Every structure is written in C-alpha cells, then in structure tokens.
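Here's the letter readout for the chains.
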Amino acid sequence: MKIVALVKQTFDSEAKIALEGGKINRQGISLIMNPYDEYAVEEALKLKEKHGGEVTVVTVGPDEATEAVRQALAMGADQSILVNPGTEDIDEYTTAKILAKAVSGLEYDLIIGGFRAIDDGSAQVAGRVAEILNLPVVNMVTKLEVDGGKAIATSDIEGGSAVMEVPLPAVITAQKGLNEPRYPSMKGIMQAKKKPLKKIGLSDLGLDASQVAAKVKVLSYSLPPARAAGKIIPGEPAEAAAALAKALREEAKII
Amino acid sequence: MAKGILVFAEQRDGKIKKVTYELLSASKKIANQLGEEVSAVLVGKGVSALANGLGEYGADKVYVIENDALENYTTDAYTNVVADLVKQNEPTAFLLGCSITGRDLAAQVAQRLDTGLLTDCINVAVENGQIVFTRPIYAGKAIITATIPEARPVMATIRPNVLPVDEPQAGKSAEVINVSANVGSIRTTVKDVIRQVSARPELTEADVIVSGGRGMKGPENFKLLEDLADVLGAAVGASRAAVDAGWVPQSIQVGQTGKTVSPNLYLAAGISGAIQHLAGMSSSKIIVAVNKDAEANIFKSADYGVVGDLFEVLPVLTQEIKKLKA
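Protein chains in written order, with my numbering: chain D, 2 to 256; chain L, 13 to 338.
To be clear, the hints were calculated from the coordinates, so they are not data collected in a lab.
Only a predicted model underlies this, so the values are computations on that prediction, with no experimental measurement involved.
For the chain L half of the interface with chain D, some residues (derived, Cβ under 10 angstroms), not all of them:
1) PRO148
2) TYR150
3) THR269
4) GLY317
5) PRO327
6) ILE333
Derived lysine-lysine pairs resembling DSS-like cross-links, with alpha carbons at most 30 angstroms apart:
7) L:LYS271 / L:LYS334
8) D:LYS17 / L:LYS271
9) L:LYS203 / D:LYS144
10) L:LYS337 / D:LYS254
11) D:LYS218 / D:LYS200
12) D:LYS102 / D:LYS195
13) D:LYS24 / L:LYS312
14) D:LYS247 / L:LYS304
15) L:LYS229 / D:LYS144
16) D:LYS254 / L:LYS304
17) L:LYS235 / D:LYS254
18) L:LYS30 / L:LYS297
19) D:LYS232 / D:LYS247
20) D:LYS254 / L:LYS334
21) L:LYS312 / L:LYS271
22) L:LYS312 / D:LYS254
23) L:LYS184 / L:LYS73
24) D:LYS218 / L:LYS99
25) L:LYS334 / L:LYS312
26) L:LYS271 / D:LYS232
Note that CB positions come from ideal geometry on N, CA and C, so glycine has one too.
Isolated chain D, as found in the complex (with noise of 0.2 angstroms):
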C-alpha cells in the first residue's frame, strides 16, 4: 500500500506571537510539525505496518521545514518532498496546487493529512488537494480501517460522528484522537538520515508562479487586546460562590 502523508511545520502550541515591522517576528521561535500531521504520519506508518507498502511526506515550506520532514522519517517514514515555492507570500490555494502537482507524480492508494494546522487553522488544503485530484475526502477523521481497496472512516459531524466508507485511493484528515503519535527512537533518527529527502522547487514541478498566485491578501497583522485580569471574589468557598452569583446576576447581568 502506497500512502502520502501531508505535512506542514508549524510554530510550537506554546509560542508566544509578537509583532516586527506589521508582520509576525518568526525569529526565536520553535517550528514543530504541526500536530495533527503527526497523527496523519502516525496512521500513514500503523497501515503501513498492517499492509505492507512505503510512505512518502511531502510538504510546502522553507529550507527549514526540513526538520519536520526528518521527523516524519525518523517516525519510520520511507521518502519524501519538500518543495520550496520560494516565496512567503502563500495561501491555501498556493499550497494545494503546489501538493497536488508533487502527489500527483507519485504512486497512491491514501492520502493522508491533519484535518487542520494549528498556526493558521484554515482546515481547507487537504480537502482543496482531493478536489484537485478528484479524489473523495473523508475529513476529522477519528478511526481509520483499511481494507480490500476501500476504506472505513469514523469522522466528526455536527453533533456525533459517522462512519463512511469510501474507495480508495482517498484523502483522508486527521483529528485528535485517532492515534498516539510515537517519539522517534534513536535508531530511527540515525536512519532517516539516510533516506531519500528530495528538495525542488516550482520549475521542478513544471509550475510558475503564476499558476499558483495567492488568491487572499493579508492587509494586516495585529495582537489581540489583552484581557484585564478581573476581581478575585473575596470569602470562605459558600461566601464566594453566593457572592459570585450574584455579581453574574446584578453586575455583570449575564444569568
């Protein structure tokens, strides 16, 4: 079984977000692959396991997002893609066509990503890349069985969740839930030094950068207001917790 994985670096869960010059200061900030891509590589590898077959990631981003490449490859990935599309100025549309054309050359039966990045959150280039494709999508996906040319998948809708089944091959997104991604071992790190990393860029796609222009245009970048720190209710827990109600009820006339 012949499976990608879609993977984004993103900024750490627990970075702090400041401004330099009207835009966000990237500058000592910690890069992580964005976490539901990590359950995406981890579902890529238990099918892997299961069936037999390789994975190959492939991700849009700078030079430095190779450190999540390797990640996924010390995880047990077998190869992969990084296409630099030279620019920053991207948007969801960038990033699905550029994906679509590098996948679009390769094998597959599934592919498989994070149903959403943490940074930006927009929850549409995986859906965007299957539309592309003309593959069917099954997105926040929380079980996942593959089995004789199709596959079965539990995902969140409004208010529970369902099970679709779907031919394969597919796009499939990952929610929270569907596995635990591993660490990569030390033998794992050691390998994927060795295994293939295949860096191109637009040209090598046959792309320029007009058929990949952003279509949004960012007009400006700002930090939320802070939130005031508010009054601690004074009182034993019972004192409080009637004092509490009642400031909901009289001051703040929200119960």
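Starting from the known structure of chain D, arrange chain L on it as the hints suggest.
Quick look at chain L alone, frame taken from chain D:
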C-alpha cells in the same frame, strides 16, 4: 457580472442553525453598502418550509435545492449542487458558517471555483469597496485582516456565535426559487450516524459554557459541572488535561487542539489556564475562574475569580443560581 452576497443556509434535522441568521445579518449590512442583494441557498430533503423564515432575517431570495440524496450531508453531493448554483449566479461573495459542515463544504467549493477562502472569520466589513475579513491566526494569538482582491466569489466561513443577529422583520418574505440540481456521483457511503444525544446546546453555539480541567480529579466529578450546566442551560466543556486523562470525550475539548468558543459566559473550574486553552476561549464575553491555586494563570484572564476548592464552590454556586432564577 458578479453580484450579490450568497449565504449557505445550514440546517440540521429541519431546523436552521443560528449561525445562518448571524450570516444573514452581517450580509445585509455589507450588501447595503455595496448596493447588492442577499440570497441564501438551502439544501436538503424536505427543507422548503424553512425558506420563508430566512426572509425575515434578511434574505431577498432563497434558492432551495431538494433531493432525497441530500438528506444527510455528503461532501460530494453538497459540493456538486452548491458549486453549480454559485457558478450559475456568480455572486460577489459566498459566506458559510464555520461549522464542521460549512468548513468541509467551503474548501471543496472554493477549489472547484478556483477562488480564495478565509476560514473562521470573526468580522466582515466593507472598506474601499472591498469586502474585508478579520480572522484569528495561531489560535487567536494574532489577528489578521485580509481580502480576496480579484478572484470571485470572495469566500469565507464565519465563526458561530460571534456576529450579532438583527431583530427579524416579521412577515418579510423572500422570493423562493426552487432549483433542480444534479447531485452527481457520491463516492462516500454513510454506513452509520451516531448522534450524541444531549439536551444541552452545542459547544460552539452555546451562550454559556461550564468547563472542567485537571482539578476535577476524575470523570465522576463532572456531575458537578453538569448540575451547574442544567441550571444555566449551558454546554459542558473541558480542558486538554481532562480529555487526555480520558475523563471526558475529545469532542468537548476547548482550546488550540479542540474547539474555539465565544459564549457570553465561560466558567473554568479546575483549569490552570495554559496558553493553548486560553486560545480556545479568550474571546468569551465574561470569564469566570474557580481554582484553588491563587497563582493559576487563568485568573489573569478572568473577569471574576474565586480562589477555593471547586468541590465546595460549585454545589453552592449551582444552588445560588437556582435560587436567583426561581
């Protein structure tokens, strides 16, 4: 020639979701500024009775697409019929709620129409003739304003429970247009649907949320929060610590790897206030924290704090609110 604001009228089980009214109210405002009209598209099986009510909330036209195959949401069928409608009508903008369904559908339609999509927006306005959206990034740690200058339609999903709903105009009807649509081939088969049966509001639409964290000490103690939720008509949420401990399902997690919520009142019990939790709830209007650790980070963001044992505070709070509401 692109014209009009089109809204995806999301319904479930024969009921229009509140975010649809929020979208219509916001669309009315931007449409007035652009001198355009507001339309809605309503998709499903046996949903046409819902069309007229949308007029009261600001829709000038409602396109109704009914088909047995549209009873349950499937990405393929909904994408096919909605993308076709958008292609035929060429609206300036197409807006959806940032629900699970809206997010899924929006990505597919945007790509099929080769356009841009801004997801999970918290505001929309007209500036210099362009529709400008505000959206949080890094789970709310930063905010951007952005636009889609050339591609049409401009597409966005709007976070539920953030934009206000204008008072409906009783008796105002919309022109209802039945559209026969080609559902196309549906590649996914829905084998089973498991609904979480709950009398409580959905987390992302709730006006009041009571959440528990590590300080709840075990799954059995969430009963205290449920009792409080019952008197407040609230939804129950949880922090990552409580979910990772296996006490409560992941579906109620609030935070960077869970749901983003903005209720009128958010009560955090036994939650320390890690940055990833704050990211999911700091746009709540009033935040209340109950924690026995006076140094807990959550107090820095709370409008009201009680430093004390939640096992003593919560039962009394439930009783006191019950009395006030009686």
